[in-house]
Amino acid sequence: MQETVSINGLTLCHKHSDGWVRSTLPDVCRSPDKPVPYTNTAYARDLAKGTTTVFSHGGAMNGIKGSEFYRSFGDEPGSGGGVKSGVHLDRATWLSWSPNVFMEGRNVTRLTDRMLLNKGNTISAGGYFTGPVRDKKNEDLLEEFCKAACACLAAGTMNQRCVAAKLKEWAKANGKNVYPEATYVRSGPKGEWRLLGERADGSLRTSRPPGSRVPDVTDLDNKSIVEGKLSNPKTGFKDRYNPGQESDYQRMAKQNDLTFEKVDFDDCDCDGKGRSKEVRKREAEQAAQDLSVAQTLMSVASFAARRNPVGLFLDMLFTASPAY
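To get the working numbering, take the position in the sequence shown, counting from 1, and add 148.
It is possible that some hints are incorrect.
[As the list claims (entries may be wrong)] Mimicking SDA-like on lysine to any residue, the simulated pairs with C-alpha atoms at most 20 Å apart in a straight line are:
| no. | residue 1 | residue 2 |
| --- | --- | --- |
| 1 | LYS320 | VAL333 |
| 2 | LYS371 | PHE385 |
| 3 | LYS371 | PRO391 |
| 4 | LYS371 | VAL333 |
| 5 | LYS314 | ASP412 |
| 6 | LYS386 | ASN370 |
Treat the hints as calculated values from the structure; they're not laboratory data.
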């Protein structure tokens, strides 16, 4: 589902989300008696004990301190229970949350907030994961950006110039006020970011005075700027932000009442199947589960033949929060 709510700049956790959390330490369970490590995963769709009067995303319960994902997956063979928790397929609970945003008097939970899994038998240090917040008005432009980037990759000309040219063609053909590589400069006593003026023909100026910034796309119809990162999988090139670039774009958007969107070529689907992001996300989750099963089977061979004091080891690494 499209994420539209930001908490401290991070995506809100809610029951209608495609989000998930995966253990970063082994979920060691007796299988049925010998300890075997598993990878444990839980999903936001199983959110429980969340908000009861404050909802988002079409009536979804929101995650707050004390809420949980009531079940988890990945340790099905561990019928003897976790060496620490004594159970398997059990809940995931929060270890962190927003320090200053509350719903119903409790702290709100967000992207990257850490969690315990299988009732405290293991931990996810990376925390809860879901997609970035997107403004629905920009979906067409972001999709067109991906189409342009994919076409450039197929033609062997994967660069900003190629993408900009294709976006210009699309904007002209569809009557869009969309301008690739328009220039912003600082002006006024406070040095606020302003769009460089128009030419006589109505196009935006693209000269680049010292200290200027040039986001990849300015969409005047939907009042947004888009910055894309065109990492090239064929050459291994990684496109990254320059120092201060992202923070400048954030200030630029705020000062001009614009939406700032980021898109990475890794998010684009170039295989010609026309799958939506939601479908691709589900496929990725299934692939991750398949990998987890394969890793588990490989681990069984090395761990099943011996017993280790794993519970004590896990106790030393983290302490489970109280069950609510």
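Here is how each hint holds up against the structure:
Restraint check for LYS320 and VAL333: the C-alpha separation of about 25 Å exceeds 20 Å, so the hint is violated. Of the supplied pair hints, the one linking LYS371 and PHE385 is violated, its CA atoms being roughly 31 Å apart against a limit of 20 Å. Using a Cα cut-off of 20 Å, the hinted pair LYS371 and PRO391 is violated, with the two alpha carbons roughly 25 Å apart. With a CA separation close to 17 Å, the supplied pair LYS371 and VAL333 stays within the 20 Å bound.
Proposed proximity of LYS314 and ASP412 is supported: the alpha carbons are some 17 Å apart, at most 20 Å. For a cut-off of 20 Å, the pair hint linking LYS386 to ASN370 is broken: about 29 Å separates their Cα positions.
Checked against the numbered hints above, the structure violates hints 1, 2, 3, 6; every other hint is satisfied.
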